[in-house]
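**Q** Spelled out from the first residue to the last, the chains are:
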Amino acid sequence: MTTALECIGVGRNFGALAALAEVSLKVELGEVRAVIGPNGAGKSTLFNVIAGTLKPSGGQVIVNNEDLTGMRSQAICQKGISRTFQLSALFPEMSAFDNVRLAAQGKLTGRWKMLGGSQVLEQASSLAEQAMARLNLKEIYDTPAGTLSHGDQRLVEVAMALAQRPAILMLDEPTQGMSIQETHRTVDTLKAMLAEESLTVVLVEHDMDVVFSLADRIAVLHRGRLIADGTVEEVKADAGVQDAYLGGLD
Amino acid sequence: MMRSKILGVLALVALILAPQYLPVYAMTLLTELVILALFAMSLDLMVGYTKLVSFGHAGAYGLGAYVCALLSLHTHIPLPFVVLLSALIVGVVAIGIAWSCTMATGVSFAMLTLAFGQLGYAVAIKWVSVTGGSDGLSGIPRRLGPFGWSQLTTKTGFYLFALACLFASYFFCRALIRAPFGQVLRGIRENEMKVLALGYNTRRYKIAVVSLAYLFAGMAGALYASFAGFANPEMLFWTVSGQVLIMVIVGGKGTLIGPMLGAVFFIMVEHKLSELTETWGLFMGIIFIGFVMFAPDGILGILNKKLLRRSGQQKASQTSDPSTAAGGHSA
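Residue numbers (this note's numbering), protein chains in the order written: chain P, 87 to 336; chain D, 85 to 415.
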């Protein structure tokens, strides 16, 4: 197995608070790795450090043998890590398709073109079409993104990340704020997409049903520390995890 | 779509033929309108397409005018090249200004543009040996050529030259906003954080668009200096920046055409009101507030709505089946 993403002793302090302390984690190529933990466990902090939105206070983030620690988010995106946001972050007045096309364009060499550039736009369009087809979003091509249902907005965001052909796809609570039906639909769609694409995925998620149905392995954070890391069964059986988090689960 | 194309071609033909039919004083006004339309359109690249509000656009306009004045007074470069060269010089200077201003965002960005504009104004007043101080520079000649052409220096010739500059700039800007670059600008307008996360270095795009906006404003300023024969510090003053911002918003931002209409509207209303009252500024303010409150899409927005309604009525009368008339959205 090759390692796609490795965190070595990553920490992040907010003032005196260590939101993340000495977290070391390996994500293998092609696996879906969930990061779970109670509120304030440091999931989002870890996520934002990997994606470059936050700078780490210590440690290293290594992707495909390259040290990306402390790079800015746009540079990290160019290195092949595409992310979604916890709260939907779209271009509300642009159509869903234009949203995804702009995402695809971000990884193409001609993205700067001031005049002409119709090949760049065509190339981006075909990437966008593929990504939207994978997520069953064909029907909403022309709908302004701001008027879409919450569930569709989240899926458009996933399509945007997918259209960038990332080496690592990072999903920040993809089903957050969804109704039960929307959650089911999203999980089914993501499952079908993952079966086709064989991507490396880092998934932060609150909903345990979503985690158990999508993830290959699970890392558990508690108060900024990694307390367990293993397959779904191992984590379910772990006593420390039971205490910290899964206590309420049957 | 087709209808607006036909309207555009008709407007262009009318503008080209105007010198044949309009009296001299009207041509003077029309030339000024063409120049101000270019000025307003240039600001739309920033305000309308990238949501970068500038309170210092007069700085670019005035700088273009002074560069053109100095080049015309001290060299023999033919008129068209003087105008182009002035625009280019302003565009290059603007890279530095844009680099500084884009360190900030939002209101701070707007304040920095204002600061640079007022800095230009102060320099124009104080650097008397070069700028002529508060009197400005006058007696700016229109140089003959190229190839000894004298047509461009006549009233009609100059008008047609200004019109050509406006249309060339318009088509350039239109291509720009349709190109991949323009798509990124739209993204920055709606959600800059997300554009960053998608791997774009948004600051470079902002610097580029500010430089281009300043370049076209500089071209407008250069045209004005050649047209009026003078350049003075008033052209750089912040009230001019305010006026051009009003033109953009009243005309309809983010449309290129709208700000041109806004410039025409502003000048015509100013002319009419100043004939009636000295406090025309007050009434202009009320009109502006009215637009912001009741017609945020500006004059072009109102016209588009009218056109759409008319074509909508035609479609509705062609089809008797109500489900097809409403069917466009449900798919």
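Do not rely on the hints blindly, as some may be mistaken.
In silico BS3-like cross-links for lysine-lysine, where the CA-CA straight-line distance does not exceed 30 Å [what the hints assert, rightly or not]: (1) P:141 - P:165; (2) P:322 - P:277; (3) P:277 - P:224; (4) D:356 - D:389; (5) D:239 - D:356; (6) P:193 - D:135; (7) P:165 - D:389; (8) D:389 - D:135; (9) D:389 - P:141; (10) P:322 - P:193; (11) D:89 - P:199; (12) P:199 - D:356; (13) P:224 - P:193.
A few chain D residues that face chain P, going by a derived Cβ cut-off under 8 Å, partial list only [said to hold, decoys possible]: (14) 106; (15) 109; (16) 113.
Pairwise CB distance ranges (calculated) [claimed, not checked]: (17) D:372 - P:179: 38 to 46 Å; (18) D:191 - P:143: 29 to 37 Å; (19) P:251 - D:92: 38 to 46 Å; (20) P:201 - D:191: 26 to 34 Å; (21) P:156 - D:313: 56 to 64 Å.
Everything labelled a hint here was simulated from the structure, so no lab data went into it. Note that the Cβ used here is the ideal one computed from N, Cα and C, for glycine as well.
**Q** Please go over all the hints and tell whether each is borne out by the structure.
**A** Against the structure, the hints:
1. P:141 - P:165: Measuring from Cα to Cα gives roughly 16 Å; hence the hint holds.
2. P:322 - P:277: 21 Å, holds
3. P:277 - P:224: 18 Å, holds
4. D:356 - D:389: 27 Å, holds
5. D:239 - D:356: Distance ~24 Å between residue 239 (chain D) and residue 356 (chain D) Cα, so the pair holds.
6. P:193 - D:135: 24 Å, holds
7. P:165 - D:389: 45 Å, violated
8. D:389 - D:135: 23 Å, holds
9. D:389 - P:141: 48 Å, violated
10. P:322 - P:193: 39 Å, violated
11. D:89 - P:199: 26 Å, holds
12. P:199 - D:356: 44 Å, violated
13. P:224 - P:193: 22 Å, holds
14. 106: 35 Å, violated
15. 109: This hint is violated: residue 109 (chain D) lies away from chain P, its Cβ roughly 39 Å from the closest one there, beyond 8 Å.
16. 113: 33 Å, violated
17. D:372 - P:179: 38 to 46 Å: 24 Å, violated
18. D:191 - P:143: 29 to 37 Å: 32 Å, holds
19. P:251 - D:92: 38 to 46 Å: 40 Å, holds
20. P:201 - D:191: 26 to 34 Å: Since residue 201 (chain P) and residue 191 (chain D) have Cβ atoms about 32 Å apart, the given range 26 to 34 Å holds.
21. P:156 - D:313: 56 to 64 Å: The hint (56 to 64 Å, Cβ to Cβ) holds, given that residue 156 (chain P) and residue 313 (chain D) are roughly 57 Å apart.
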